[in-house]
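Asker: Spelled out, the chains give:
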Amino acid sequence: MANTEHGASIEINEEEIDQICEEFGNREGAVVQILQTIQEKYGYVPAEVLERVGEDLGIPHSKMFGVLTFYSQFYQEPRGKFILKVCVGTACHVRGAGLLVDKIKENLHIEAGENTEDMMFTLEPVACLGSCALAPMAMVNGNTFGKLSADKMLDLIHQYKEEASSDNQEAVPAS
Amino acid sequence: MLTETVEEMAAGLFRDVTIPTIHIGMATCGLAAGARSILELVERELEKRGIEARIVPTGCIGMCHNEPLVDITMPGKYRVSYRNVKALIIPQIFDAHFVKGDFAKKYAICQIPIGGHSPYEGLPLMNETNFFKGQVKIVSSRCGLIDPSSIEDYIATNGYKALRKMLTSMTPEMVIEEMTKSGMRGRGGGGFYTGLKWKLTRQSPGDEKYVVCNADEGDPGAFMDRSILEGDPHSVLEGMLAAAYAIGNTKKGYIYCRAEYPLAIRRLRKAIDDAKEKNFLGDNILGTDFSFDITIKEGAGAYVCGEETALLASLMGERGMPWPKPPFPAQKGVWGKPTVINNVETLGNVGHIILGGGDWYASYGSEKTKGTKTFALTGSIKNSGLIEVPAGTPLRSIVFDIGGGMLEKKIPFKAAQLGGPSGGCIPASGLDTPVDFENVVAAGAIMGSGGIVIMDEASCIVDTAKFFLKFTQDESCGECTPCRVGSKIMLDILTRITEGQGQEGDLDELIRLSMYVKSNSLCGLGAAAPNPVLSTIRYFREEYEAHIRDKHCPGTVCANLIKYVVIEEDCTTCGLCEPVCPTGSVTWDKGEVAHINLETCIRCKACVDACKFRAII
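Which chain is which? The protein sequence lines are A and B, in order. Quick note, in the numbering used here, the first sequence goes up one by one and the last residue is 163. Quick note, in the numbering used here, the second sequence goes up one by one and the last residue is 635.
Incorrect hints may have been included.
Straight-line Cα separation of at most 27 Å, DSS-like style, residue types lysine-lysine; simulated pairs [to be verified]: (1) K73(A) with K400(B); (2) K69(A) with K29(A); (3) K51(A) with K350(B).
Hints in this document: simulated from the structure, not taken from any laboratory.
Take these sequences, add in the hints, and give me the full structure.
Answerer: This is the structure:
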């Protein structure tokens, strides 16, 4: 069991971790891929899992921790349901990406890298998503949105909020 | 040139097609502009009208500013491109083609020739438009023309022909010879001769060698590799096959792609699977004893991994820290074995070079930079997008002919930033610089991987230098002190300057530190980190001095240095600015010119945006 910052816990199946490591032949060279696979599964890399992977591969924990923290796309904490990746690359910067980031911070009361309290959104400014002609742009869970403005950004957040609440309603069985 | 390649390739694509074809640009730029919903609308409209047509998702043809793009090809006719397609105009376009047998003049940009088909009257050909006129498409020739997820489309456009030619009629030495003749230099920015790199790796002793494709395109403002990977993934595989064949003893290759490019990774996966099925990859390729396989490795978010030795470290599961060269990857690369590492664009060109010959490729370009180069043209420019031009094309023609000039006509050109965080700014006086490796360096920037960001007079040079330095500072891996600490001190100074706390002597200190960081850093990232600062001090010293001495930001970007004033002559006394001010600093009475209290103003720019008459600056 791993505790998240909000007290919720997720079940960690050690056998499953071993299996993932085995799929990659327990090779030291595959450690980045193993961690990526694990993150895809849990949404982040819990501390216990990191230790387990180190044991399986015979890599000291210090080194495992070094690799994990080197790359910006590994997370040690759980993240929101929707990841707001706002591009702050050159072209987006020139066309006002900073305003988008400020608007999100102000509206959702979070700083860069933080989650909203309800774990709905995570703000993640990223360097260049490679669609500079449509600057400023953002990517939400893999969907790209171009030519944004602060207001359009708020609309987008609103849409995702609605989507989430309608999903929840569907999940409740009709009585 | 442009027309011939495109015409010939397109002919292959439409050989057996008897029904209308609708191409929709579905690269990341198209998707960001809403191509997915356009695709649904097109499907619905076809169904409603009972029309049988092929819908082909395609890559990026380069006109990102015109996305979403929809192209219609009627049987036997040229392909018509429509720009900025919205829900409302789809029925009009359909009416024109399917009812009147014509095209919709109002929305069409140009027509793309197809060998054996006939043109429409009254619509410019692709190569007659300003955007395409100066371009020569080699590596990007298939992008936007073919369905990138269809290996059949690739084969129909001369794909895997180079592989066949190589395996049946060329020795590895002959392949290297063609690459040498072509004069191809690494398109990732390094500019090392590709033929020589392959030759050195071939000569390195070892019974196990590797080919690595560097697809970790991390420069902000650069998306050439993304466009190629999303628009023509097989060309990169074919280039890797050629490298493997040329260096010998190679059974395995890796593509290291940044994780921010999910679509590129999906397209590559599909391409590899399809190529395996057709035996262009795998064991005993096309019945020969040549075997080669490719694995994709996803990056995990570290800019420094674009540096080749850092990339190799990351590939082997380590922290992506660069190592000092020598040993070069050609001697000791992946798992300590000789390795060829080439950039996406370099590899994408290889098939074309083998088919057309090294001499043909070298007939384009300038004296020391042969062939073509792709650029991502962005910023305050009208036609932003992906372009491919012969090396040595003057910057002026890239900006004003192909790029269509400034985004806002009234605000003049200030500088072009080339080469991203390792590059520099070229001012208006340098517009005639031929864009190739040597000349751009002489002008104080680097050609780099191909990002060109255009800045107008409303942008701030100091802020731009700060932006890039902040980027490299964030991405510094921390291994060597000059880069880790030096860039931090430089950033602190720049931040002070932009906040109005600049002091006399700051510029000399910045130059001194720049020289130190440049000459003492371990890898390319650190060695190039001061470039944006040095080139801007060289050309825009007065602007730095205005920040330091007069506490004034001429581009009105640095918030602390802005003093908003109302221009009395332009103020229509409408009062729109008053209610938007969050601090009540704008005062206005009916019929009176507004006034801004600078004591309480927080420089949020709300009044500037609210004023429709541009009376507040």
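Asker: For the pair we were handed, K51(A) and K350(B), check the Cα-Cα distance against 27 Å.
Answerer: holds, 23 Å
Asker: Below or equal to 27 Å on CA atoms is what counts here, so check K69(A) against K29(A).
Answerer: Distance ~14 Å between K69(A) and K29(A) Cα, so the pair holds.
Asker: Need the status of pair K73(A), K400(B): alpha-carbon distance at most 27 Å?
Answerer: Distance ~26 Å between K73(A) and K400(B) Cα, so the pair holds.
Hint violations for this structure: none, all hints satisfied.
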